[in-house]
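Those sequence lines, one after another, are chains D and R. According to the working numbering, the stretch in the first sequence is residues 235 to 547, in order. According to the working numbering, the stretch in the second sequence is residues 104 to 167, in order.
Hint data in this document are derived by calculation from the structure and do not stem from the laboratory. Glycine included, C-beta positions come from ideal geometry on N, C-alpha and C. Everything hinted at is true.
Derived DEER-like restraints, expressed as beta-carbon distance ranges:
#1 R:162 with D:482: 51 to 57 Å
#2 R:135 with D:490: 43 to 49 Å
#3 D:278 with R:115: 50 to 56 Å
#4 D:509 with R:129: 50 to 56 Å
#5 R:110 with D:490: 55 to 61 Å
#6 R:140 with D:405: 27 to 33 Å
#7 D:541 with R:139: 25 to 31 Å
#8 D:252 with R:110: 19 to 25 Å
According to the in silico footprint, chain D covers these stretches of chain R (three or more CB under 8 Å from chain D):
#9 118-124
#10 128-138
Sample of chain D residues lacking proximity to chain R, with all beta carbon distances greater than 10 Å (derived):
#11 307
#12 318
#13 326
#14 331
#15 354
#16 365
#17 377
#18 385
#19 464
#20 487
#21 492
#22 530
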Amino acid sequence: MTDATQNIGSYEDEAQFGDYVALLKPRVMSLVVFTAAVGVFVAPVYVHPFVAFVAILFIALGGGASGALNMWYDHDIDAIMKRTSRRPVPAGKVTKGEALTIGLWLSAIAVVMLALASNMVAAGILAFTIFFYVVIYTMWLKRWTPQNIVIGGAAGAFPPMIGWAVATGGVSVESVLMFVIIFMWTPPHFWALSLFMNEDYSKAGVPMLTVTHGKAVTRKHILAYAALLAPLAVYAAFTSIGGWIYLAAALYLNTKFVYGAWQLYKRDDATADADSYKAEKKYFRFSLTYLFASFGALLVQALWVQGFGMGAW
Amino acid sequence: MAAPRAEHELHQRRFSRNLGVGLTLAGFVFIVFGLTYVKITNGSLAQGFDHVVRPEILPTQEGN
Numbered sequence: 235m236t237d238a239t240q241n242i243g244s245y246e247d248e249a250q251f252g253d254y255v256a257l258l259k260p261r262v263m264s265l266v267v268f269t270a271a272v273g274v275f276v277a278p279v280y281v282h283p284f285v286a287f288v289a290i291l292f293i294a295l296g297g298g299a300s301g302a303l304n305m306w307y308d309h310d311i312d313a314i315m316k317r318t319s320r321r322p323v324p325a326g327k328v329t330k331g332e333a334l335t336i337g338l339w340l341s342a343i344a345v346v347m348l349a350l351a352s353n354m355v356a357a358g359i360l361a362f363t364i365f366f367y368v369v370i371y372t373m374w375l376k377r378w379t380p381q382n383i384v385i386g387g388a389a390g391a392f393p394p395m396i397g398w399a400v401a402t403g404g405v406s407v408e409s410v411l412m413f414v415i416i417f418m419w420t421p422p423h424f425w426a427l428s429l430f431m432n433e434d435y436s437k438a439g440v441p442m443l444t445v446t447h448g449k450a451v452t453r454k455h456i457l458a459y460a461a462l463l464a465p466l467a468v469y470a471a472f473t474s475i476g477g478w479i480y481l482a483a484a485l486y487l488n489t490k491f492v493y494g495a496w497q498l499y500k501r502d503d504a505t506a507d508a509d510s511y512k513a514e515k516k517y518f519r520f521s522l523t524y525l526f527a528s529f530g531a532l533l534v535q536a537l538w539v540q541g542f543g544m545g546a547w
Numbered sequence: 104m105a106a107p108r109a110e111h112e113l114h115q116r117r118f119s120r121n122l123g124v125g126l127t128l129a130g131f132v133f134i135v136f137g138l139t140y141v142k143i144t145n146g147s148l149a150q151g152f153d154h155v156v157r158p159e160i161l162p163t164q165e166g167n
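Turn these sequences into a full structure, and let the hints steer you where they fit.
Structure representation (structure tokens):
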């Protein structure tokens with residue numbers, strides 16, 4: 235046996251390329267890609283398709299880099315929670331040091347490349363997003379306050395704003411509204427998950443609202459955020475990115491989102507336990523549909539206006 | 104210099120990883136090249152004038 239093979243460790247634990255990809259949280263990246271793309275395409279400024287592709291790619295890479303940094307810092311609680319125990323670091327495939335190095339390098343590459351592909355405003359917001367997710371959310375809020383999801387959710391809300399900045403070089407009411415839609419959507423989405431994944435968070439000592447204030451309070455909070463989100467999401471229909479297509483979608487989706495939250499609010503733990511949190515799981519799944527459909531409607535609206543030359547209003 | 108030995112087992116084991124890194128780097132090179140091309144041409148065809156006067160960029164003279 236050579237020195238090289240001795241230093242590698244067992245074969246089963248050796249990381250494959252896919253493990254390094256998993257470090258970047260590809261499922262979260264898909265959401266980032268989609269919302270950032272919507273931000274680019276609904277903006278009233280033409281962006282060369284290749285520049286748009288590169289910009290979206292590096293926004294997604296920035297998101298992936300912050301995912302790697304999150305896995306570096308959270309390796310201890312990831313190992314405790316069933317949902318996250320198979321991530322590359324707790325699974326022993328990738329070391330903490332590797333996750334940190336990859337996260338830092340990819341962050342730098344993503345920000346520099348986005349600046350070169352588009353502009354400093356977009357790159358600046360991406361850099362702030364990575365900082366916000368890693369330092370403000372992961373290192374500070376996540377283990378400290380039950381409002382972790384509320385404030386941390388801002389990190390996931392920035393991509394469409396970055397996409398808009400790629401096209402326009404600035405920030406406007408439309409990009410702020412797209413930010414607000416994801417920002418207000420995040421708490422009901424994650425709290426619905428925590429209603430039926432409560433044990434995981436309890437074991438890891440993460441102060442999710444369900445752990446610190448109980449499920450009844452969490453249900454009330456879900457309803458409050460869904461109710462606050464609805465008028466803001468519908469209001470976006472009356473800006474330059476809106477129109478009757480988006481208005482129809484927003485009215486339908488938000489009515490369903492608020493009604494679902496109201497149904498969750500009326501349920502108690504005994505009912506939920508009896509049917510294995512059926513309604514909560516359904517609401518969580520619908521929350522994903524809600525976001526994809528809302529941003530999809532914005533995209534269809536933009537294609538309708540730009541592609542067919544139809545006016546928004 | 105001795106000829107390279109038969110492929111070590113390590114190379115087979117790390118093939119997918121090395122291939123992934125290689126393709127990623129190749130993709131990055133393509134992106135930088137493509138971005139440079141798009142930025143230079145700015146949507147129009149690239150022009151290959153080198154050390155030659157390009158009439159269209161000369162200042163227009165009055166009376167012309």
